[in-house]
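Student: Order-wise, the sequence lines are chains A, B and C.
In this text, residue positions in the first sequence follow the working numbering: the first is 4, and each later residue adds one.
In this text, residue positions in the second sequence follow the working numbering: the first is 129, and each later residue adds one.
In this text, residue positions in the third sequence follow the working numbering: the first is 129, and each later residue adds one.
Calculated from the structure, these hints are not laboratory results.
Note that the structure is predicted; figures quoted are calculated from it, not measured.
Among the clues, some could well be false.
Keeping only pairs whose Cα atoms sit at most 27 Å apart, straight-line, the calculated DSSO-like set for lysine-lysine is [claimed, not checked]:
1. B:K160 to B:K211
2. B:K199 to A:K235
3. A:K232 to C:K234
4. A:K142 to C:K258
So the derived list for chain A, only partly shown, Cβ under 8 Å to chain B, looks like this [claimed, not checked]:
5. A100
6. S102
7. K232
Note that beta-carbon positions come from the ideal geometry of N, C-alpha and C, so glycine has one too.
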Amino acid sequence: MELIELISKLKSLLIDFSDNNNKNTNTNLINLFNSLNLENVRKDIESFSEIVLLVASLFELKAKRLLPQNEDVDWIDEIQLIKDKDLAFARLLQFKAFSEVGIALASRIRENEMSIGAFKYYQTLNLYSKPDIEITLDKIKFNEVAEEVFVRYKSIKGFDHIEYNLPDVDEAINSLLTSIDERLNTTFEDLASEVETSEQAVAIFLALLEAIRWGFVKAEQVNNNELIKIEKNYEE
Amino acid sequence: MKNKKIITATLLVSDGPVPNTYFTDLLEIDEKNLLNIFEDINSDLSNINFGFYLRFDSVKSDLVTVSDIPKYLDSVKPPSILKGLSTPALETLAIIAYEQPVTKLKVSEIRGVESESSIKTLESRGLVIKSGELDVPGSPILYGTSDEFLAKTGFESLDELPTIGEYFSSPNEEE
Amino acid sequence: MKNKKIITATLLVSDGPVPNTYFTDLLEIDEKNLLNIFEDINSDLSNINFGFYLRFDSVKSDLVTVSDIPKYLDSVKPPSILKGLSTPALETLAIIAYEQPVTKLKVSEIRGVESESSIKTLESRGLVIKSGELDVPGSPILYGTSDEFLAKTGFESLDELPTIGEYFSSPNEEE
Numbered sequence: 004m005e006l007i008e009l010i011s012k013l014k015s016l017l018i019d020f021s022d023n024n025n026k027n028t029n030t031n032l033i034n035l036f037n038s039l040n041l042e043n044v045r046k047d048i049e050s051f052s053e054i055v056l057l058v059a060s061l062f063e064l065k066a067k068r069l070l071p072q073n074e075d076v077d078w079i080d081e082i083q084l085i086k087d088k089d090l091a092f093a094r095l096l097q098f099k100a101f102s103e104v105g106i107a108l109a110s111r112i113r114e115n116e117m118s119i120g121a122f123k124y125y126q127t128l129n130l131y132s133k134p135d136i137e138i139t140l141d142k143i144k145f146n147e148v149a150e151e152v153f154v155r156y157k158s159i160k161g162f163d164h165i166e167y168n169l170p171d172v173d174e175a176i177n178s179l180l181t182s183i184d185e186r187l188n189t190t191f192e193d194l195a196s197e198v199e200t201s202e203q204a205v206a207i208f209l210a211l212l213e214a215i216r217w218g219f220v221k222a223e224q225v226n227n228n229e230l231i232k233i234e235k236n237y238e239e
Numbered sequence: 129m130k131n132k133k134i135i136t137a138t139l140l141v142s143d144g145p146v147p148n149t150y151f152t153d154l155l156e157i158d159e160k161n162l163l164n165i166f167e168d169i170n171s172d173l174s175n176i177n178f179g180f181y182l183r184f185d186s187v188k189s190d191l192v193t194v195s196d197i198p199k200y201l202d203s204v205k206p207p208s209i210l211k212g213l214s215t216p217a218l219e220t221l222a223i224i225a226y227e228q229p230v231t232k233l234k235v236s237e238i239r240g241v242e243s244e245s246s247i248k249t250l251e252s253r254g255l256v257i258k259s260g261e262l263d264v265p266g267s268p269i270l271y272g273t274s275d276e277f278l279a280k281t282g283f284e285s286l287d288e289l290p291t292i293g294e295y296f297s298s299p300n301e302e303e
Numbered sequence: 129m130k131n132k133k134i135i136t137a138t139l140l141v142s143d144g145p146v147p148n149t150y151f152t153d154l155l156e157i158d159e160k161n162l163l164n165i166f167e168d169i170n171s172d173l174s175n176i177n178f179g180f181y182l183r184f185d186s187v188k189s190d191l192v193t194v195s196d197i198p199k200y201l202d203s204v205k206p207p208s209i210l211k212g213l214s215t216p217a218l219e220t221l222a223i224i225a226y227e228q229p230v231t232k233l234k235v236s237e238i239r240g241v242e243s244e245s246s247i248k249t250l251e252s253r254g255l256v257i258k259s260g261e262l263d264v265p266g267s268p269i270l271y272g273t274s275d276e277f278l279a280k281t282g283f284e285s286l287d288e289l290p291t292i293g294e295y296f297s298s299p300n301e302e303e
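Using the sequences and the hints given, assemble the complete structure.
Tutor: See the structure below:
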């Protein structure tokens, strides 16, 4: 099936969703996906993200729909569903617009960065008696930022919410960061090859997920056959 | 000429663009005069074929490299502010730019996913700043874009941000 | 002339003097040739009366401000621009204040991003100083806050820094 066709079907499904037939929707979705050649879809990233969005919206509505699970949906719920549907659409449009605007802004920044500003301000120390810029330092703001940055750091290391007797993710994050620091570029397979127990492997994996989530490192797999490359994430 | 000397020296050592008012105050000249000096400096620089020029507008100025030799500067230039920024972060940046001042909740609502870590990333890069608090119970923090954001995108002010439709209106131009 | 363009652009954005070998390798020219271009650049700069020149010797070169600028400024009082620190710089400053003496690597680790340029900014503004070297291979530089930092924040000594939440009081801390 053509992608465009699939997308339009998904859209109409979304519109029709307030109709009362969950079973049908299930079948339809499964059929739709079965008929799709995933290879082709992956080639067209644009459409792929649209599909993901549409499907996500569908499932979100579906989940809400399934919640009461009683004979009839109450009319208030019905209205809620319609509102949800509109919201999902509005969100879809807004979301897609902003994500493209984000990319447009980034390409603007990239273009501007082709011209690089002078980087000599360390010389101001020795320039003339009065440097051109007087730095103000707000004590309150300083305290706030200090608190925030350490809380952020500590919360990465915390994991208080995990109460089970799990491997020490804390330690795993530290050793993960250290080995990435040492090697700058490494692979997941490389990291995993050093563990001795399955618990350690789990810890490494969790640590990696956390480190990625917090932006410490980037992980990338170009295609299925390649190793998962891991590198440190640099600022500015 | 004394003014030209002072302006060029200051721009060399300044940390980012210098506001025009700084020079008009310092040198006791009017804005028109200042802009003339800027143009003078640029025509000097292009005559001698240097690799940088003075980028200026009605608000600020800065010495920056010409854009046709970037590959020779790869090893000396600072890493891009975009380096390592994910598409979710860019999307969050766009939402904050257009909806500011805006709360984390509102950003998350628009994106449909929790956006705390994206906002934190943008904040630690200096593209986004806390701009106040919303006057409701709980006083949620309001976020906005920073001067660094303007400098990096090259907009003089937020008023210059194109309306969202403009990004989509002409499909066949674009980056 | 392309080489002049590349050399001037590189010197503008370089953070400190550039070794001559960098240019001879990049442009595939010999040293004599390079020194000629340097002299060329300097004669250009003095002709157009700019406030900086190229200081070079047989090893390195850099663009620096001319020494008579202070004389020009004697008669005027430079207005000061009040400028706050950006979030990246503030975060970096906070980490250095609490963790000092601390290496760049440790700061980057706590922030989660490479923090070299933030440290440079703080150093150039006198808020942060090099306070020693760590006694491990490679001797990484240790950073600490300056008296200027105390003066600006109004803390009388580092002991006055507020304790940060419950995060440091937990018994099982310390890495």
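Student: For each hint, tell me whether it holds in the structure or not.
Tutor: Consistency of the hints with the structure:
| no. | hint | verdict |
| --- | --- | --- |
| 1 | B:K160 to B:K211 | violated (39 Å) |
| 2 | B:K199 to A:K235 | holds (23 Å) |
| 3 | A:K232 to C:K234 | holds (23 Å) |
| 4 | A:K142 to C:K258 | holds (23 Å) |
| 5 | A100 | holds (6 Å) |
| 6 | S102 | holds (4 Å) |
| 7 | K232 | violated (14 Å) |
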